[in-house]
Amino acid sequence: MFDDDTIIRALQSLRAIEPDKDFSKKSRLLILASPHKNGVQEPDITGDMNINTGRWIVVRSLRIASFTAVAIFLSVAIYYATTQFSPLFLPGLDQSSIVAEADMVDQKITIEVEQIDHFSAVTKESNQLLDGVTKSSFDHLNSSAIGSETSQIDGLSGQSDTQLNNQLNTILQQIQ
Amino acid sequence: MKKNTIIIASFLILFGITVPFSFASAQSPEINQKLDETRGKVEQLVKIKDNSSLSEQDKANAEISIKREVLLNVLDLAQLQIKTVRTKLDDVIFPDTEEWSAIKEKLYNALDAARDYYSTTESDINDNDALTLDDIKTVASDVEQHKIDTFDATVRNVNDVILTFNVGDVLLLAQDRLHKINSDITKIYAKRLTNSSTLKQMFFAASRSMDQARSLDDKAKEILLNVYGQDTSPSSKRFIDNLSKTLMVDYLATASSSTSTEQTSPDKRALIENHIRSLVVKSLNYIKQTYATFIDMSKKASSLLQ
Numbered sequence: 003m004f005d006d007d008t009i010i011r012a013l014q015s016l017r018a019i020e021p022d023k024d025f026s027k028k029s030r031l032l033i034l035a036s037p038h039k040n041g042v043q044e045p046d047i048t049g050d051m052n053i054n055t056g057r058w059i060v061v062r063s064l065r066i067a068s069f070t071a072v073a074i075f076l077s078v079a080i081y082y083a084t085t086q087f088s089p090l091f092l093p094g095l096d097q098s099s100i101v102a103e104a105d106m107v108d109q110k111i112t113i114e115v116e117q118i119d120h121f122s123a124v125t126k127e128s129n130q131l132l133d134g135v136t137k138s139s140f141d142h143l144n145s146s147a148i149g150s151e152t153s154q155i156d157g158l159s160g161q162s163d164t165q166l167n168n169q170l171n172t173i174l175q176q177i178q
Numbered sequence: 002m003k004k005n006t007i008i009i010a011s012f013l014i015l016f017g018i019t020v021p022f023s024f025a026s027a028q029s030p031e032i033n034q035k036l037d038e039t040r041g042k043v044e045q046l047v048k049i050k051d052n053s054s055l056s057e058q059d060k061a062n063a064e065i066s067i068k069r070e071v072l073l074n075v076l077d078l079a080q081l082q083i084k085t086v087r088t089k090l091d092d093v094i095f096p097d098t099e100e101w102s103a104i105k106e107k108l109y110n111a112l113d114a115a116r117d118y119y120s121t122t123e124s125d126i127n128d129n130d131a132l133t134l135d136d137i138k139t140v141a142s143d144v145e146q147h148k149i150d151t152f153d154a155t156v157r158n159v160n161d162v163i164l165t166f167n168v169g170d171v172l173l174l175a176q177d178r179l180h181k182i183n184s185d186i187t188k189i190y191a192k193r194l195t196n197s198s199t200l201k202q203m204f205f206a207a208s209r210s211m212d213q214a215r216s217l218d219d220k221a222k223e224i225l226l227n228v229y230g231q232d233t234s235p236s237s238k239r240f241i242d243n244l245s246k247t248l249m250v251d252y253l254a255t256a257s258s259s260t261s262t263e264q265t266s267p268d269k270r271a272l273i274e275n276h277i278r279s280l281v282v283k284s285l286n287y288i289k290q291t292y293a294t295f296i297d298m299s300k301k302a303s304s305l306l307q
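Protein chains in written order, with our numbering: chain A, 3 to 178; chain B, 2 to 307.
If you're looking for bench data, these hints aren't it; they were derived computationally from the structure.
There could be a bad hint or two in this list.
[Said to hold, decoys possible] Here are the simulated lysine to any residue pairs, SDA-like style, with alpha carbons at most 25 Å apart:
#1 283(B) / 106(A)
#2 246(B) / 201(B)
#3 181(B) / 80(A)
#4 289(B) / 116(A)
#5 35(B) / 50(B)
#6 137(A) / 63(B)
#7 300(B) / 137(A)
#8 301(B) / 92(A)
#9 300(B) / 206(B)
#10 48(B) / 65(B)
#11 126(A) / 289(B)
#12 137(A) / 37(B)
#13 269(B) / 201(B)
#14 60(B) / 133(A)
#15 137(A) / 136(B)
#16 201(B) / 92(A)
#17 269(B) / 251(B)
#18 84(B) / 181(B)
With the hints as extra help, turn the sequences into a complete structure.
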């Protein structure tokens with residue numbers, strides 16, 4: 003068995019161990035010549051822009067974008083889960099969306115009816131104009147009647163067909 | 002919470018509601034512009050007629066020239082109307098059945114025939130510089146007759162079909178809302194969030210309004226199918242005859258109760274057209290009523306569940 007002094011000496015002698023000079027040189031050259039593991043290396047910002055720099059920016063941006071997307075998705079998912087399972091989450095009865103929908107429906111209905119009323123008025127006025135061409139001439143009464151229809155047609159918004167017909171009947175009676 | 006609800010509502014509105022509807026302007030600017038221009042010409046002619054400094058020959062020449070332009074403008078107006086209704090008809094999604102395909106084809110053919118008639122007449126006038134006042138009057142008289150007999154009815158029919166189908170779109174939207182509210186109401190009562198039965202009653206009222214709206218729109222479509230569809234089939238003929246009789250009885254009952262001294266026998270076709278329009282307008286009113294109930298339900302739910 004070795005005594006303590008022998009062991010200490012043996013350990014101290016290990017300090018002097020160093021690799022073979024030739025092996026060190028070969029290894030260094032081998033490491034420097036081998037390709038980088040990641041393939042994309044953070045570029046030297048002082049160096050020229052090269053293709054690796056572009057790839058690094060793209061990859062970095064994609065990473066940031068994907069992290070942000072995941073974060074947003076998680077936030078929305080957590081929010082959705084908490085509200086969805088809340089007993090007070092009542093999307094069907096949400097007042098703002100019902101009001102917006104009702105306004106849209108009302109607007110659509112009004113536009114539809116207005117368009118048809120307008121068409122009906124244009125048709126009748128066209129017929130009156132043709133009537134003026136076929137008769138001996140447009141007279142004052144005829145022209146003033148057509149003129150008065152200008153305001154009738156322009157102010158049709160929101161009127162019902164019955165109202166429109168009554169107005170047109172009045173106009174027609176005036177010119178007879 | 003409130004802010005988030007608004008954001009979600011905005012998304013719903015943006016993606017859920019705007020998609021089915023494409024809003025068109027209520028009135029075509031081109032038509033209004035052409036109408037204004039024509040009115041201006043009529044005024045011009047009246048002024049010329051009153052102008053004592055002009056010779057009779059000048060007045061006669063002005064009359065030919067202006068009446069020719071008025072006639073051409075009326076032909077343009079008719080073509081603009083055709084263009085507008087044709088575009089609207091393109092947006093209508095007809096049911097994929099033989100009967101509706103036949104109606105669609107019939108409406109398109111009627112519009113195309115009218116467009117061809119007006120454009121040919123317009124070309125004929127433009128190609129002939131030597132038209133006399135009598136020639137212009139004759140053409141105007143023919144155009145007027147064609148308009149009254151054919152074109153005006155075609156445009157009315159196309160508009161009725163468009164309106165009926167657009168009500169169908171609104172009905173689908175309202176139906177979707179009714180389903181969403183139904184699931185909320187089920188949740189509220191399943192979780193015993195309130196003891197009040199008011200919301201349930203309101204929901205039944207809204208459902209009944211929707212049923213009425215749908216039934217009226219279906220009725221309008223049934224009439225359209227029979228009137229504009231297979232006119233020759235015996236069942237359609239019977240349907241139209243029965244409907245006409247009922248409408249005539251109703252008309253005479255209303256006319257006899259009115260104080261008007263002037264009574265004219267109404268055209269069978271006009272009675273049916275008015276009936277279709279009245280069904281659609283009633284259907285729209287029920288949809289509006291349904292939405293009014295939806296809004297009341299939303300307010301009531303907020304107050305009950307606070």
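Now the hints, each set against the structure:
no.	hint	result
1	283(B) / 106(A)	holds (18 Å)
2	246(B) / 201(B)	violated (42 Å)
3	181(B) / 80(A)	holds (22 Å)
4	289(B) / 116(A)	holds (17 Å)
5	35(B) / 50(B)	holds (23 Å)
6	137(A) / 63(B)	holds (15 Å)
7	300(B) / 137(A)	violated (62 Å)
8	301(B) / 92(A)	holds (13 Å)
9	300(B) / 206(B)	holds (16 Å)
10	48(B) / 65(B)	holds (15 Å)
11	126(A) / 289(B)	violated (30 Å)
12	137(A) / 37(B)	holds (21 Å)
13	269(B) / 201(B)	violated (45 Å)
14	60(B) / 133(A)	holds (19 Å)
15	137(A) / 136(B)	holds (12 Å)
16	201(B) / 92(A)	holds (15 Å)
17	269(B) / 251(B)	holds (12 Å)
18	84(B) / 181(B)	violated (39 Å)
In this structure, the hints that do not hold are numbers 2, 7, 11, 13, 18, in rising order.
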